[in-house]
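Undergrad: As a plain string of letters, each chain reads:
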Amino acid sequence: MAKDTVDLTTLIAWLDAFRGYVTENRAYLTELDSAIGDADHGINMTRGMDAVFAKITEAQDGGTPLTTADDLFKAVGMTMVTSVGGASGPLYGTFFLRMGRTSGTAASLDAAGLGAALRAGFDGVVARGKAEAGDKTMVDAMGPALDAYDAAVAGGADPAAAAQAAFEAAEAGRDATVPLVARKGRASYLGERSAGHLDPGATSTALLFRALAETLAAS
Amino acid sequence: MKKLINNPDDVLADALVGLAAAEPLLNVDKKNRIVYRATPKEQGKVALISGGGSGHEPMHGGLVGFGMLDAACAGAVFTSPTPDQMEEATKVVDRGAGVLHIVKNYTGDVMNFEMAAELADAAGIQVESVVTHDDVAVEDSTWTAGRRGVGLTVLLEKIVGACAETGADLATVKALADKVSASGRSMGMALTSCTVPAAGKPTFDIAEDEMEIGVGIHGEPGRHREKLASAHEIAEMLVDPILHDHDFAGAPAIVFVNGLGGTPLIELYLMYGEVAALLEKAGVTIARSLVGPYMTSLEMAGTSVTVLKADDEILRFWDAPVVTPGMRWGA
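Quick mapping for you: the protein sequence lines, in order, are chains A and B.
Going by our numbering, the first sequence opens with residue 1, and the numbers climb by one from there.
Going by our numbering, the second sequence opens with residue 1, and the numbers climb by one from there.
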């Protein structure tokens, strides 16, 4: 039975599930990136999420324990920013840092609170990367996911049901990047040649929402 | 791969050890991969930092010193450094007058420097940024990440560094940086590829009788692949797009023929002769010149040409003393 609130343990479980998915898809994400980018997305995301878990483990086992959502997301965001490099480090890092700033000192989030944090993270990604819908970036998976999440919450859904809706919309958004011509990032230099390929950033974003939906369903 | 290295993963760390040992003018923070001046600038003066992927030496670490940069952040080969490095460098070099970040226009570099500026701002340090985007090989468009920052970055660091040395305030230093950035254009070409140590094989294949026109400093593809031509014809292929893109008439110009790492000086001077003749024929008055490998692409053979439309202020700062491992005159 899914709960009405998402506690810190569940948020950590979400990040752990995401680490599992990027690790499992390390070669696949890198292969997608080699077609239209610089062939390092899976390598960088795996390195980043491994560093995130080293940081979380260090904090919980003897360091300064993470007690609020802000503590957790700030640690995750800063670790992504300082260990990933390239474009995905600042983008995923900003996503988590803004999530933290919005969720503040709460130790658990309700459906609306989680939605507000995710939305703030998304706004941070848009501000950082300056991409718009249709530019063939992670925005094309994250934007529809958040719209679906908010619509579900407005209809009375609990966090798990809203996350499921977000996950389905993220996958649809990811698949819709195939025919697009890239307008941001290194893929944009390819112009028309970038069409016909799945965007690696949108693909890893869909994994982030898959991890969220599955973790909340099991919580 | 034939390189003077111990282990492909240790190239940057080992090179920083050597840089620190060789250059008494520099203070190298090996842990954070930041190169500082051994003697910091006086209190009250604007500081300049830059940084980027490694493999372009002497830029940027070798351009740290009096009259130029205060610090340079080194990333892995061809990979942007991270905001924590830039934030640390910004804090260390700030002399109470603010810090200018000099950024080359690549998606990763721009975003990492933006985050560093926000972190520094939160720590109460004034930061301004200039993003160089002088590569005419990339069509400028709102539908792409924009033009790449290349050779003009070296000239900008010299000119703006001299300005900061006079005690000019941050707004003045930033305005000069913007003026230089808007007034220069570059175009490059490669005869051979480079090999990133961690990759172990050449970034692109190119036949013995071919050349890549419009190549980027990381071995990115250029505008077109051509059959090898004479230096005179190559100079035309580099100079024409520059002149087509910007009006250089009616002002003195600084002309920079850069080596990409694998081309000897004898060929760079030969190229300079061709470039200078073409520019003069087109009515450009060359006031100053720079020839040599200042912004390299590992061992790539090839060259890039940068033309900067100058004025009295720019020429005065260009002539001012500079003391760095990679560029030194007037002192």
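It should be emphasised that the hints constitute simulated quantities derived from the structure, not laboratory data.
Every value quoted in this text rests on a predicted model; they were computed, and no experiment measured them.
Glycine included, every Cβ here is placed at the ideal spot set by N, Cα and C.
Among these hints, one or two may not hold up.
[To be verified] Selected chain A positions facing chain B (Cβ under 8 angstroms, derived; list incomplete):
# : residue
1 : Q60
2 : G62
3 : P90
4 : R186
5 : Y189
6 : R193
Undergrad: Does each hint hold? Answer for all of them.
TA: Checked hints:
1. Q60: 22 angstroms, violated
2. G62: Violated, because the Cβ-Cβ distance from G62 (chain A) to chain B comes to roughly 23 angstroms (cut-off 8 angstroms).
3. P90: 4 angstroms, holds
4. R186: 6 angstroms, holds
5. Y189: 6 angstroms, holds
6. R193: 10 angstroms, violated
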